[in-house]
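Once you've looked at the hints, dock chain B against the given chain A.
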Amino acid sequence: MTTGNWFCLLLFPLILTILAYPIGVYMAKVFSGGKTFLTPIVAPVERFLYRLFTVDPNEDMPWKTYTLCLVLLNVIGIAVLFLLQLIQGWLPFNPQKFGAVRWDTALNTAISFGTNTNWQAYSGEQTMSYLTQMLGLTVQNFISAAIGIVAVIAVIRGFIRKSAAAIGNFWVDLTRCVLYVLLPLVVIMSFVLVSQGVVQTLSPSITAKTLEGKQQVIAVGPVASQVAIKQIGTNGGGFFNVNSAHPFENPTPLTDFLEVLGLLLIAAALPFTLGAMLKNRRQGFAIFAAMMILYLAGLGIFTWTEMRGSPLLEKAGVVSGMNMEGKEARFGVVNSVLFAQSTTVTSCGAVNSMHDSLLPLSGMVLLFNMAIGEVIFGGVGTGLIGMLSYAILTMFLAGLMIGRTPEFMGKKLELPEMVMVVVIIITPAILQLILSSVAVSTPAGIASLGNAGPHGLSEIIYAFASASGNNGSAFAGLNANTVFYNLTTSLAMLIGRFSTIIPALAIAGTLAGKKIVPASVATFPTASLLFTFMLIAVIIVVGALTFFPVFTLGPLLEHLLLAIGKTF
Amino acid sequence: MLQLKRSILVFMGLSIICGLIYPLGITAVSQAVFPRQSNASIVKNGDIVIGSQLIGQHYTRPEYFHGRPSAIDPPYDASNSTGSNLAPSNAKLLDQVKGRIELVRQENGLPLNRPIPADLVLTSASGLDPHISVDAATLQAPRIAGQRKISRSAVQEIVYQNTEKPFLGIWGSERVNVLQLNIALEQINVQQ
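Residue numbers (our numbering), protein chains in the order written: chain A, 1 to 568; chain B, 569 to 760.
Careful: at least some of the hints might be erroneous.
[To be verified] Short, incomplete list of chain B residues facing chain A, as computed with Cβ under 10 Å: (1) 586; (2) 592; (3) 595; (4) 621; (5) 626; (6) 636; (7) 660; (8) 665; (9) 694; (10) 703; (11) 735; (12) 739.
[Stated by the list, open to error] Listed next, the in silico DSS-like pairs over lysine-lysine satisfying Cα-Cα at most 27 Å (straight line): (13) A:214 <-> B:717; (14) A:209 <-> B:717; (15) A:566 <-> B:666; (16) B:573 <-> A:64; (17) A:29 <-> A:64; (18) B:666 <-> A:315; (19) A:162 <-> A:64; (20) B:612 <-> A:214; (21) A:514 <-> A:279.
[Said to hold, decoys possible] Now the in silico label distances, taken between C-beta atoms and shown as ranges: (22) A:205 <-> B:588: 20 to 30 Å; (23) B:720 <-> A:440: 51 to 61 Å; (24) A:563 <-> B:682: 17 to 27 Å; (25) B:731 <-> A:52: 49 to 59 Å.
Bear in mind the hints are in silico, worked out from the structure with no lab data behind them.
Here the structure is a predicted model, which means the values were calculated and not measured.
Here a beta-carbon is modelled for each residue, glycine too, at the ideal position from N, C-alpha and C.
The shape of chain B in the complex, shown without the other chains:
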């Protein structure tokens, strides 16, 4: 009985320390020291919340960079998160990939035998991946330049300027944030 009483007391004590003081304390300090990061790294246009810098968005219009396919239904619904969980041997995966490859080639006017960067036609783990590879962005540059009537080199320049490197050059992959690219595109048009 003594140990039962102790287990109840210890459980309550640790619940207060680890379940209230710890998370609420971290919240209070984070809100004070890192207000932007702890509140979802929100990107605004004036007063309108466009989205979070860390969360991908669904783009279909040809004048924007397109992100990765998302397995969430509807795509990039950030109240949820999921991958496709399709196995490499799943026929559905291959059908989807073939369809996406065809679409990418068509949208960008590419020849039928042109291999496509993997990240542009395969779904991300979260369904919310904010990034694409530099290759996947470069592939879309001519289409965007044509649509926006700006030079290809201007679009390519945006890609280079927004390229994020691996941590210390070794951890992670080189990538570009699609929302950031598209905001940069909008700014070019404003300047012109």
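Looking at chain A on its own, in the form it has when it is part of the complex:
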């Protein structure tokens, strides 16, 4: 590693922390209805929209109404996106004259973007018209991200409200999230991306005559506006097939820096939003610290495993066996690692390298990040929901140890909360293991494999971990654009998404109805280092117990076989 690489790995987490804090506090203001520096410009638009939407901004909703609105909006979005792909051939902004998307691909894509997964079974530049990219995919990038964020805001309100029947107004939260948080960030991001060479045009593909006289057709499109939101909203659905590895999505190291920062920013800011809304900033730091420690630990292991290179490549005559397969020269190994680690701890799923070609142990780090439920920062909103679920589980265990009713942030944790937390934590895990076993035992599941041996198993587990965790990145050697995978991953994405958000809102509802128990000497202090480490321990134990067996058969076995020179 160069000195530059070391500085990069050490400075980046620092920059992230410094930027996440003020944005977290800003979001707390936005969702508490307070004035911000944008209020003078945005408030008139906001008021106009409420009139248009026939929304009464003063209405306060019980959790069931809040959930109903969320699900309705999500379902309408998925249905419209599905239809849009089927009729894109007759609509404008389609200079490449793409016809209807195949039904199973269209269904998969609609669910994928509606659930903030952005798993892409299709190749963007060869399938989707510009209109579908903008009016279909970009819109869902905004809405699905906003839905995740407002869901966690509702949960936070559950903790701060006392004996309350309502948890906020979904339409107001959603509108404010788009207008005050997402749009300002993505507009700035878009322009910086374009200035670096990310294309933004409605013109058709360009035909060039190369230096050697060959013809080269170059796909273009309204790329920057899509890339900006797919990073900021941890969506991850790229314009092009190879996502942020494509030189038109991520042309320079500067854009790469912004894209990694962008995909982590809101997710890393939300713990501080929690702290600010609770008026207990130390609590925000305690949760942020747990996330950051797990992030850095994974990053360290990942950098080490990938920088070691491949023994087989070294033997074949590659300098230090450096694994540049599936990586871009402008990023090199270290910045490919940083992107991959960041995109799998969050539920982003954008990639700047091909994860399928990573060394086995590196792939295992990514699988672990997704399998534990993407709680290390995590998806915007859903990540903190997952982390709070682990926190509630931690307090439950701590309560058992000392024989007291568990409490968290002043709220008693009882049966309904614990049931919901178990649903949130266990469902994605069970889902991915069951669907993986279906895939490995059916011919349709096996037929799509791009690599044989233990790596084939890793490809399948990765697909379902990614889908049920709503991540969207892939071991892309697996041909996922088949009816079997389109339908099974759709199922995983839907269940994965709603088994997180709906129980979370239910918790918000029951918590909001409770009194706040004043802290006493016997209260376990949760804004502490001890809590942070207990939380980390619970996450690792749950994750390790659930996934160790299957990791042994996939990446660990491949690693050992690679060391003795066995290939498939």
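Chain B alone, transformed into the frame defined by chain A:
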């Protein structure tokens, strides 16, 4: 029913804002402020479009710098993009790499035990990588100098002049743009 009506209205409103006003607005401003960048950073020779500065091209002739292997079929077809997605334990990957290493050694007259820079024999993520490492370019300098009957130092000088550094010295890798190198080579010949 009230909430259903609202969800339809909100969906339509946000679709117009986020799906039309936002991307079309960004397009309009970008076209005005960054016309070159927003239109694919096109490189022209007179009126002929040679390519995009950001998109790699497939070079096979010995007098040009060669880029990275591309997993797209045909290589560097920029209407598409893909990596190989071959696992490190895939026998096909190793066969391909061994074949490419042999070819690079042969083309450049290198000894059989000379290790080759990774980026020159392993496929990129996009299949369109416009760059190679400085080592990979330097390795090709003698071949190009011989073919073009110019001095090695002149070729090496082109490599140094076109070296792009990591952002702030820490983000990304040192690299050279292959199209830019090859255009610079053509200009030397014109000058002579």
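Results of checking the hints against the structure:
| no. | hint | verdict |
| --- | --- | --- |
| 1 | 586 | holds, 4 Å |
| 2 | 592 | holds, 8 Å |
| 3 | 595 | holds, 5 Å |
| 4 | 621 | holds, 8 Å |
| 5 | 626 | holds, 7 Å |
| 6 | 636 | holds, 7 Å |
| 7 | 660 | holds, 9 Å |
| 8 | 665 | holds, 5 Å |
| 9 | 694 | holds, 5 Å |
| 10 | 703 | holds, 7 Å |
| 11 | 735 | holds, 4 Å |
| 12 | 739 | holds, 4 Å |
| 13 | A:214 <-> B:717 | holds, 25 Å |
| 14 | A:209 <-> B:717 | holds, 26 Å |
| 15 | A:566 <-> B:666 | holds, 16 Å |
| 16 | B:573 <-> A:64 | holds, 17 Å |
| 17 | A:29 <-> A:64 | holds, 25 Å |
| 18 | B:666 <-> A:315 | holds, 10 Å |
| 19 | A:162 <-> A:64 | holds, 18 Å |
| 20 | B:612 <-> A:214 | holds, 15 Å |
| 21 | A:514 <-> A:279 | holds, 18 Å |
| 22 | A:205 <-> B:588: 20 to 30 Å | holds, 22 Å |
| 23 | B:720 <-> A:440: 51 to 61 Å | holds, 55 Å |
| 24 | A:563 <-> B:682: 17 to 27 Å | holds, 25 Å |
| 25 | B:731 <-> A:52: 49 to 59 Å | holds, 54 Å |
Of the numbered hints given earlier, the model fails none.
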